[in-house]
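Visitor: Sequence:
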Amino acid sequence: MEFELWYLIAVPVLFIAGWWFRGLDQRQREEEQRPETYYKGINLLLNDQPDKAIDAFIQVVKLDPETIVLHHALGNLFCRRGEFDRAVRIHNHLLNREDIPAKERSLALFELGHDYLKAGIYDRAEDSFQRLLKVPEYRLEALRALLKIFCTEKEWNKAISIANTLEKEAGENHQVEIAHFHCELSDQAIRQKDFAEAKKQLDEALSVDRRSVRALIALGNLAMKQNNPEEAIACWSRVETVSPEHMTLIMAPMAQAYEAVGKHEQAMNLIHRALNDQPSAETLTIALDIVSKTEGEASAQKMLREELKQHPTLLAYEKLAELRLKDDPDNEELKLLTALLKPHVSRLGRYQCSHCGFRAKGFQWLCPGCSSWGSYPPRRLEE
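Numbering (our numbering), first residue to last: 705 to 1087.
The reader is advised that the hints may include incorrect statements.
[Stated by the list, open to error] Pairs of lysine to any residue residues, derived as SDA-like cross-links and limited to a Cα-Cα distance of at most 20 Å, are as follows:
1) K1013 <-> R1028
2) K903 <-> R835
3) K852 <-> K862
4) K872 <-> K903
5) K1006 <-> T1017
6) K822 <-> A806
7) K858 <-> Y826
8) K838 <-> A806
9) K1030 <-> R1063
[As the list claims (entries may be wrong)] Per label pair, the in silico range of CB-to-CB distance:
10) Q960 <-> K1065: 18 to 26 Å
11) T998 <-> K897: 29 to 37 Å
12) K858 <-> K1065: 16 to 24 Å
13) N780 <-> S865: 24 to 32 Å
14) K1030 <-> S1075: 40 to 48 Å
15) R785 <-> S865: 31 to 39 Å
FYI, nobody ran anything at the bench for these hints, they're computed from the structure. Beta carbons are placed, not taken as given, at the ideal position from N, Cα and C, and that holds for glycine.
Working from the sequences, and respecting the hints, build out all of it.
Guide: Written as structure tokens, this is what we have:
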């Protein structure tokens, strides 16, 4: 009887002890395996193998779910691969954990906001960064992210408010951007035929940045819409003082404004001065148009040949070939020449961002590539 009682007690005890030692042995093996797998992941990253590195880091996270830093590393790797949903899940998991310090939860919220921003989910990104405005160490970064979001969503009034806050709190200068925001609001007002509001926004832009070329050009365009060429000429004349190189953008409408008020001589003086100081395809095109109408095709070709001697470009040569083809439409060689020139001229006739190198067919105030304001020189690549 005593033997049987001892047997009944010993067997469960031995079973429990064996189970415990087995778990201990497994934990020891995991402890030994964890750094090996971790270093393997780092090595794969250094060898530019992010896919395999992710698999290794996932294994480490399984072995040690408390590794917060590794969670963030995984989230960033998922973002680089474009797997934003997986990055969001990781950072949401950290954000919802009650056992980590508030500082770590704030970092998780910051990373989560960037996950949403990169994924293009702007409402959730905005919500994340709005919550971070209450956290002092992340407030300025959150404001910068919100400024980017509001620009992307074209919420210009909110963008102006955020930019003003950054100027006050971070000591940053956003005058150029704020002036552009007011110009964007002016464009919206013009589309709605609210010319009074458009004028008000442009005046605001100039009060923020008195050298805003865009605002001066837009004021001239607005005056022309209201059939006031004299005021348009006055506004555009200020551009030559502020930034002469931007005259290429308004040369055509400014010459047309002079023609509208019967000042042909002033229009030609403007064009000749521009061809000498700031030659461009636009200036050349309007000059040829005016000369051909007032003095004939022969005078236009003569002016173009003189321009080619002073500023030889493919753009100008294509114009000359087109003019000659008008005189001799059956000339097969000229047809072939213009056909060959067109694709090359099209490629060279693009504008290029001075920050990121993004090329566009037309002049841009905001670069589609890097979201920089005013980074496009008002000259085409060949020019």
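Visitor: All hints are to be evaluated individually against the structure, with a verdict given for each.
Guide: We went through each hint and held it up to the structure:
The suggested pairing of K1013 with R1028 holds, with an alpha-carbon distance near 17 Å, which does not exceed 20 Å. A threshold of 20 Å between alpha carbons decides the hint, and for K903 with R835 the separation of about 36 Å lies outside it, so the pair is violated. At roughly 11 Å between alpha-carbon atoms, K852 and K862 fall within 20 Å of each other, so this suggested pair holds. Proposed proximity of K872 and K903 is contradicted: the alpha carbons are some 27 Å apart, above 20 Å.
For the given pair, K1006 sits about 16 Å from T1017 by alpha-carbon distance, which is consistent with the 20 Å threshold. Taking the CA atoms of K822 and A806, the gap is near 24 Å; set against the 20 Å cutoff, the hint is violated. For the hint linking K858 to Y826, the alpha-carbon distance of about 12 Å falls within 20 Å, and the restraint holds. Note on K838 and A806: the hinted pairing holds, with a Cα-Cα distance of about 13 Å set against a maximum of 20 Å.
Taken as a hint, the K1030 and R1063 pair is broken in the structure, with Cα atoms around 32 Å apart against an allowance of 20 Å. The given range of 18 to 26 Å is respected by Q960 and K1065, whose C-beta atoms sit roughly 22 Å from each other. In this structure the supplied range 29 to 37 Å holds for T998 paired with K897, their Cβ-Cβ distance being about 35 Å. Between K858 and K1065 the C-beta distance comes to about 22 Å, which sits within the given range of 16 to 24 Å.
For N780 and S865, the Cβ-Cβ distance of about 31 Å falls inside the hinted range of 24 to 32 Å, so the restraint holds. About 43 Å separates the C-beta atoms of K1030 and S1075, a value consistent with the hinted range of 40 to 48 Å. Taken as a hint, the range 31 to 39 Å holds for the pair R785 and S865, whose Cβ atoms sit roughly 35 Å apart.
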